[in-house]
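In the numbering used here, the protein residues as written are 21 to 159.
If you are wondering where the hints come from, they were derived from the structure by calculation, not from laboratory data. Just to be clear, a hint being listed does not mean it is correct.
Quick list of the computed label-pair ranges, beta carbon to beta carbon [to be verified]:
#1 Ile158 <-> Val123: 20 to 28 Å
#2 Ile156 <-> Asp63: 57 to 65 Å
#3 His145 <-> Glu116: 23 to 31 Å
#4 Glu157 <-> Leu67: 37 to 45 Å
#5 Glu88 <-> Leu67: 17 to 25 Å
#6 Ile158 <-> Glu62: 15 to 23 Å
#7 Leu67 <-> Ser92: 37 to 45 Å
#8 Gln111 <-> Glu69: 20 to 28 Å
#9 Gly159 <-> Leu67: 41 to 49 Å
No more than 25 Å apart at the CA atoms, straight line, and that leaves these computed lysine-lysine pairs for PhoX-like [said to hold, decoys possible]:
#10 Lys147 <-> Lys134
#11 Lys154 <-> Lys125
#12 Lys126 <-> Lys95
#13 Lys136 <-> Lys125
#14 Lys95 <-> Lys125
#15 Lys134 <-> Lys95
The beta carbon of each residue, even a glycine, is placed where N, CA and C say it ideally should be.
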Amino acid sequence: SRDGIGENEMFLTDKEIQSLFRPLRGHNKVARYPLTNLGVLEDDTLLIEVAVAGFDENDIELEVVGNEMIISGTKSESFEKENNLVEYFQQHISPENFSRILVLKKEYAQGTVKAKIKNGILTIHVKPKEPQRKLIEIG
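Let the hints inform the model, and build the full structure from the sequences given.
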């Protein structure tokens with residue numbers, strides 16, 4: 021049951037979920053593109069789904085720096101050439117390059133990250149680092 025989200029410090033609180041995304045450096049607004057879903061699986065793995073239609077794995081860069089996960093996409097030159105051959109009168113699939121920054125809790129920032137792209141969705145699983153048990157000698 022996910023009723024405990026926010027009660028256990030392993031989980032993200034509602035306020036933390038709202039503040040996960042950070043504005044890009046030099047901007048004061050949080051980017052809304054690309055569309056992103058966030059969730060937590062039963063084993064506490066953070067699930068991030070990003071709509072990346074038109075991008076392939078060579079166009080996407082994913083990195084964790086400190087407690088920030090940076091997801092960037094840059095369209096290839098071949099896409100730009102193909103896209104320029106069409107005069108669109110309506111375009112909902114954005115050809116824009118993007119960069120999103122997610123602020124991760126420490127146990128997720130130090131955890132294991134796996135990612136794949138399938139059917140225009142970048143799926144990222146972030147398994148939190150297991151807390152280290154340390155026996156302290158008294159004396």
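| query | Holds or violated: 57 to 65 Å for the Cβ distance of Ile156 and Asp63? | reply | Distance hint for Ile156, Asp63 is violated at roughly 29 Å.
| query | Measuring from beta carbon to beta carbon, are Glu157 and Leu67 in 37 to 45 Å? | reply | This hint holds: roughly 40 Å between Cβ atoms.
| Regarding Glu88 and Leu67, is the given constraint of 17 to 25 Å on their beta-carbon distance met? | holds, 18 Å
| Does 20 to 28 Å hold as the CB distance between Ile158 and Val123, or does it fail? | violated, 38 Å
| request: Take a look at whether the Cβ-Cβ distance between Ile158 and Glu62 falls inside 15 to 23 Å. | output: This hint is violated: roughly 37 Å between Cβ atoms.
| task | For the pair we were handed, Lys134 and Lys95, check the Cα-Cα distance against 25 Å. | result | It holds: about 22 Å lies between the C-alpha atoms, which stays within 25 Å.
| Quick one, are Lys95 and Lys125 close enough, alpha carbons at most 25 Å? | Measuring from Cα to Cα gives roughly 30 Å; hence the hint is violated.
| query | Do Leu67 and Ser92 keep their Cβ atoms within the hinted range of 37 to 45 Å? | reply | Given a distance of about 20 Å, which is not inside 37 to 45 Å, the answer is violated.
| message | Next pair to validate is Lys136 with Lys125; report whether the Cα-Cα distance is within 25 Å. | response | Between Lys136 and Lys125 the Cα gap is close to 22 Å, so the pair holds against 25 Å.
| Status of the given 41 to 49 Å range, CB of Leu67 versus CB of Gly159 | holds, 45 Å
| message | Range first: 23 to 31 Å. Now tell me if the beta carbons of His145 and Glu116 are that far apart. | response | This hint holds: roughly 26 Å between Cβ atoms.
| said: Holds or violated: Lys154 and Lys125, Cα atoms, limit 25 Å. | reply: Cα-Cα ~21 Å, so holds.
Hints 1, 2, 6, 7, 12 and 14 from the list above are not met by this structure, while the remaining hints are.
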